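S.K.: Residue strings, one per chain:
There are 2 protein chains.
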Amino acid sequence: MKNLEFQNVKLKDGFWGFYDRLNRETVVKSVYDRFLETGRFDALRCDWKEGSPNKPHIFWDSDVVKWMEGVAYLTEQKSEPQWEALVDEMIQNIADNQRADGYFNSYYLSIDPSKRFTNRGHHELYCLGHAIEAALAYQRATGKDLLLNCVLKYVDLVYKIFVEEQSAPFVTPGHEEIELALLKLYEVTKNQKHLDLARFFINQRGCNEKDLAFGYTEHTQNHLPLRELAEAGGHAVRACYLYTAMAMLAKTDDDEGLKAACHRLFHDITNYKLSVTGGVGADHRGEEFSYKYDLPNSDTYNETCAAISLAMFAGEMQEMEADSKYGDVIERVYYNGFISGLSLDGEKFFYTNPLEIDRKKYARSTYQPICERVKVFSCSCCPPNVVRMLASIPRYAYTVDGDTVYCNQFMNSETTLSIGGKDAVLTQTTNYPNDGKITFRYQGEPMTLFVRIPDWCVEYQGATEKGFAKFNLSDGDSVTVDLPMEVHFIESNPYNQDNSGRYAVQRGPIVYCMEEIDNGENLRDVTLLEQGNLRIATEEGIPAPVLYLDAERRPATDRLYSLKNETRVPFTARLIPYFAFANREASDMLVWTMVK
Amino acid sequence: MKNLEFQNVKLKDGFWGFYDRLNRETVVKSVYDRFLETGRFDALRCDWKEGSPNKPHIFWDSDVVKWMEGVAYLTEQKSEPQWEALVDEMIQNIADNQRADGYFNSYYLSIDPSKRFTNRGHHELYCLGHAIEAALAYQRATGKDLLLNCVLKYVDLVYKIFVEEQSAPFVTPGHEEIELALLKLYEVTKNQKHLDLARFFINQRGCNEKDLAFGYTEHTQNHLPLRELAEAGGHAVRACYLYTAMAMLAKTDDDEGLKAACHRLFHDITNYKLSVTGGVGADHRGEEFSYKYDLPNSDTYNETCAAISLAMFAGEMQEMEADSKYGDVIERVYYNGFISGLSLDGEKFFYTNPLEIDRKKYARSTYQPICERVKVFSCSCCPPNVVRMLASIPRYAYTVDGDTVYCNQFMNSETTLSIGGKDAVLTQTTNYPNDGKITFRYQGEPMTLFVRIPDWCVEYQGATEKGFAKFNLSDGDSVTVDLPMEVHFIESNPYNQDNSGRYAVQRGPIVYCMEEIDNGENLRDVTLLEQGNLRIATEEGIPAPVLYLDAERRPATDRLYSLKNETRVPFTARLIPYFAFANREASDMLVWTMVK
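Protein chains in written order, with our numbering: chain A, 1 to 596; chain B, 1001 to 1596.
When the alpha-carbon atoms are kept at most 27 Å apart in a straight line, the in silico DSS-like pairs for lysine-lysine are as follows:
hint, chain 1, residue 1, chain 2, residue 2
1, B, Lys1115, B, Lys1160
2, B, Lys1564, A, Lys325
3, B, Lys1292, A, Lys361
4, B, Lys1596, A, Lys596
5, B, Lys1002, B, Lys1466
6, B, Lys1564, A, Lys466
7, B, Lys1466, A, Lys564
8, B, Lys1002, B, Lys1078
9, B, Lys1360, A, Lys360
10, A, Lys55, A, Lys375
11, A, Lys360, B, Lys1292
12, B, Lys1029, B, Lys1348
13, A, Lys292, B, Lys1564
14, B, Lys1361, A, Lys292
15, B, Lys1564, A, Lys437
16, A, Lys292, B, Lys1360
17, B, Lys1360, A, Lys361
18, B, Lys1564, A, Lys596
19, A, Lys564, B, Lys1325
20, A, Lys55, A, Lys115
21, A, Lys190, A, Lys153
22, B, Lys1361, A, Lys360
23, B, Lys1153, B, Lys1210
24, A, Lys361, A, Lys375
25, A, Lys210, A, Lys153
26, B, Lys1325, B, Lys1470
27, B, Lys1002, B, Lys1184
28, A, Lys437, A, Lys466
29, B, Lys1564, A, Lys564
30, B, Lys1259, B, Lys1193
31, B, Lys1437, A, Lys564
32, A, Lys78, A, Lys2
33, B, Lys1596, A, Lys564
34, B, Lys1361, A, Lys361
35, B, Lys1292, A, Lys564
Quick look at which bits of chain B chain A covers, simulated, 3 or more residues with Cβ under 8 Å:
hint, segment
36, 1268 to 1277
37, 1286 to 1297
38, 1351 to 1362
39, 1483 to 1492
40, 1520 to 1527
For the record, the hints were derived by calculation from the structure and aren't laboratory data.
Computed from a predicted model, the values in this text were never measured in an experiment.
Quick reminder that beta carbons are idealized off the backbone N, C-alpha and C, glycines included.
Take the sequences, apply the hints, and build the full model.
M.R.: Below, the structure written as C-alpha cells:
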C-alpha cells in the first residue's frame, strides 16, 4: 500500500486550486524576496567576512533548499524558467564551494570550517537532509543532477565520519530530518549505504553514550531508544520529522518494534496532544509537546512546521494500514493549523499559530506571540516549508494497493494511475470544503475505491470499513459521495482544563474562529446560540465559507462584580475559518467559545 | 471622623476570637522560631562576618520589628512576659549598635556602613518606617521608650540628610512605608519635623530629578507627581502603603489635591483591579497591579502584604467620608485574601494567594507559585505582617464622629468608647460570619449608630444612608440587625476575560473555593447547580461554614474531541472558605466555577 505520487494528481479550481495558484504566483516569490534581502542565497557562496551584514546562520541552508524543493515541484508541473535559472545558479554555488571530501555547509564554510561536526545542537545534518529532498525533487523535475551529485558525495562523507570512523563527537543529529531524507534517497538510489545510514541514526538515537555529553533530554528525543518511546515529547517539529522517518524505516524493514512505537506515538499525539486546529507542540517553552491534554490557547506554540511534520508522519502511517484516522489528521492539519501559517495574500506568514489572541494579556506577558503575520522571520523554516507543502499538497490524497484505491483527501482534480497494469483516470468533482458532495468518475480497468468518511461527518449513514466507504468501479462508472456538512460544536476532553465550558465551531474540516474586528471586544464573553439562526456565506477573498450565528454577550457594566444575572445583548457573530485569522488589522481572536 | 483605636475593642469568642487566640498561642511563636533559625534576630547585633551563615538581608530589620509590633499589640491586651523579655533584648541590641548620628540598619552596619543611603532600591527607609510603628506600639504597650528614642534619633538623621542637606543620591525611598509611619509618629509626638518629613517624601515623589537616576518607573510609583495619579500601578504593596500615607496626609493637611488622588486610586483599585478575594497585585511579574480588569487566577500574585496594605488604605479612607464601600473592601480582604495567608494551624503562610491552583500547569510554567503553605520564606514580610494585623484586627471596626458611631466590621466583642464626654459601652453579639444576625447593646449617653449594610447583602430591605442603617440609641437600648445571608453566585465584569462564563460562590463575606482533594480532578469542568440542593455545615477546624452543593461534571472519556453533548455525572461538591484552602495535602483549587 503506497501513497500515490502527488505528481499524478492535477488540481483544478477549488480550495487547493486557489492555494496552488497563490503559491505559484505569490508565495514562492515572497519567500524568495525575503531570502534574497536577508542574504540567505548569497551565503551559498561561502565568502561572508566578519563585519559584513547578513552573517550566515547554521540553519540557512535548510531554508534555501526547502524553497528550492518547492520550486522543483512547481517546475515539474509547469515550467518556470526564471526560477529554474536562479536555482541553477544557487546549485552551482553549492557545487563550487563543496569541499573535496563532500562537505558543504555555508555557515561553517564561511565562519570556521575547522568546527564542522562538533556541535550536536547545530543543524548541519538537518540542512543536508533538506538538501537531499531538494536534490531529488529538482533532478526529477528538470533532469539536472548537479545538486543530487553534490548531496550523494556529502552523504558518503557523513557515512564515513559517522558510521565507519565514528570520529564526530556525537552519533545522532540534534535536529532530526536527515533520517527521512535518507530513506527518500534510498527509495530512488536503492543504495544500501543510504538505508544503512538512516537505520544507523534511528537505531543509535537515545541509547548512545557519546550523545549523552550533549544532554540526555526529551527535548531532542534523546532520552530513550526509539522503539521504547510511548509518548510524543520534546521539540515537536524535530519529533514529528523523526517519527516520519521511523514509520518509513518500519515499513522498509518490516520492523515490528518500530511499527509499534509509531502506533503508540500517533495515538499519543492524536488522543492527547493535538489542537483542534491540527497544531502540535503546545508548549512555547522549548516549542515542545506538553503533558497529556495540555492544550493552552493564547500561549500555545503550534509552529507551522510542526503541523506540516505531523501531516508527514500521518502520511507515512497511512501506508501501514487502511484506517481513515490518518487521513482525518492530515485533513485537520491541512485546512486549519497548516494553512493558517500563510496569509490570504500569500505574502506573509505565521511561525506560531495560537488559538486565541489577547493583545492586552500579551502586552504584559513574557511570552509574546506575534499577532499579525509577517513577511520574514529570523528563524524562517516555516515559509519555505509552506511553499514545498503547498506545491505537493495531493501527496497523501490517494493510497494504492494493487487494484484498490483509497481516497484520503478531497480535491477537485484529475488523477492518473495504473490499475491492472493499464493507465486509468479518476476525477473528483467537488466544491469541498464548501460542501461535502464529491463525484468520482472513473476510466480504467475494474477497481475498488475506498472513500474516507471524515471523522467530523457523524451524520453519514452508509456502511464503512475502517472509516472508508467502499465502491466497486468499472470503466465509465461514476459515484457520488455526499457528506452531510453540518455546523458542529466540538468539546474537548474534561482533562483539557483550558476549554471546560467552551466549544470549537467546526463545519466540515474547517475550524472557525471569531475576531474582535468583527465581533467587538471581550470575545471570551460571547455565547453562541445553538438553536439560533445560522447563515453560511461565501465571501470574496476567503476560500471557504464564513458563518453568521446568533449570539449574545453580557451588557457593559461599570461594576467589577455583580450577582449572576441573565441579562444579555443579542448580536450576530461572524465566524471566519481559523486559517483566515489575522489577515486584516491586528485583532484579538478566539476559537473556543461558549455555546448554549 | 476617626477610626476608634482597636485597643478599645475586646474580642470575644467567634471568628476573630478564634484568630486572636491562634495568633497569641501559635502564630507569634511560629514566626519567632523561623526568624530565630534564620538569624534575623542575631543580625541586630550587627556582627555578622563574611563566611558565616545567615548573611543579613536588606529587609530583615523590617521583618523583626513588624513581629515586635505584633507582640506589642498582644502584650497591651494581656501581658506576655516571655515575649517582652525577648523584645527588650532585641531593642537593646538595636540601641547598642545604633550609630552616634542615629543610623541603624543591621544589613549596612554588618556589611558595609559606608554604603548607607546609596541605593534607592534598598529598604533602609522602609525598615525605619516599620521600626517607628513598632516603637510606638511597644512604648504604648509597655511604657518602655528605648526603641522610640532610637527611632526618634534616626528620624532626625533622615530629616537632616534628606531634607536639610539633601546629601543622599536619591530623594524618596524606593520602597515606601516610612511615609505612613512618620504620620503615625506625628500623631503621637506632634513634632512638626515628623510631619514635614512625611510631606517631603510625598511631595517629592515622582517629580524629582535625582530619583530619575534610579529609574522613572511606575513599579516604584516614581512616574508621576502623586497628586496626578489616576491609576493604581506598579508594585502593589509599595503602592498601597503609599496611598495609605497619602490619605493620612490628605486628612492632616486637608489637602484637596491629595484627597482627589486618593479617591481616584481607591476607585481604580476597587472597580478594576481587585480580586473577588480582596487580593491586589494581580501580575506576578514585578508583583504589580495589572491593567484594568486583568485578574488572572492561577498565576495571580496577590501577596498577603498587598491585601493588608489595601485594608490600611481603605481604613484611612473611611475617616474621610462616611461610605460603606470602605468597610466593604476591608471585609473582603479580611475574610478572604488576608486570612488565606495563614494556615488554620497558625504555623504556615502563603506569600502569594492564587485563585486557582493547577499543579500540572505549574510544573511546566516559568512562574511556579507554591501550592502548600510553608513555615518561612526567604522574603518573609508577610508572616509578621499577619501577626501585627491579627493582633489589631478591630482597627477599622468603628469610626467615631462626635456622638455618631459607624460600625464598619462585625465582631463578637465589647467596645468602650466616649460619647458626650462620658464612657460608653457598645457590645456586638454575633456569630458573624456564620450568620448575619448582629445584636448591639448600648450603655451610655444618647448616640447615633450607623451599621454598615455589606455590599453582598442585596436582600437587606431597610433604609440606608451611604450604605449604613441608622439607629438612635440611648442607654440600655439594644438593636438587632439581621443581614440575610444567602449563597450568591458572583460574576465579574465582561472585560475580565479570565472569568467569562464562570462565577464565584460567596456567602456573606466569605468567598468559597473547591479543592481537588474534595471534588476530584478537573475542577474547571465542574458545574454547580443553581437550583440544586445546598447544605451549609459547620465543621471542626474551619471557623466558617462549609457548603455542599449539587453539581455535575462531564463523564470521563478517552476521546480528545467529541460533539457537544449534555451527558453529565452528578455529584455533591464541597466548597470550603477560600481562606481555608491548602490546609491539607497538595491539591488543585478553584474559585471561579461554572454554574447553571
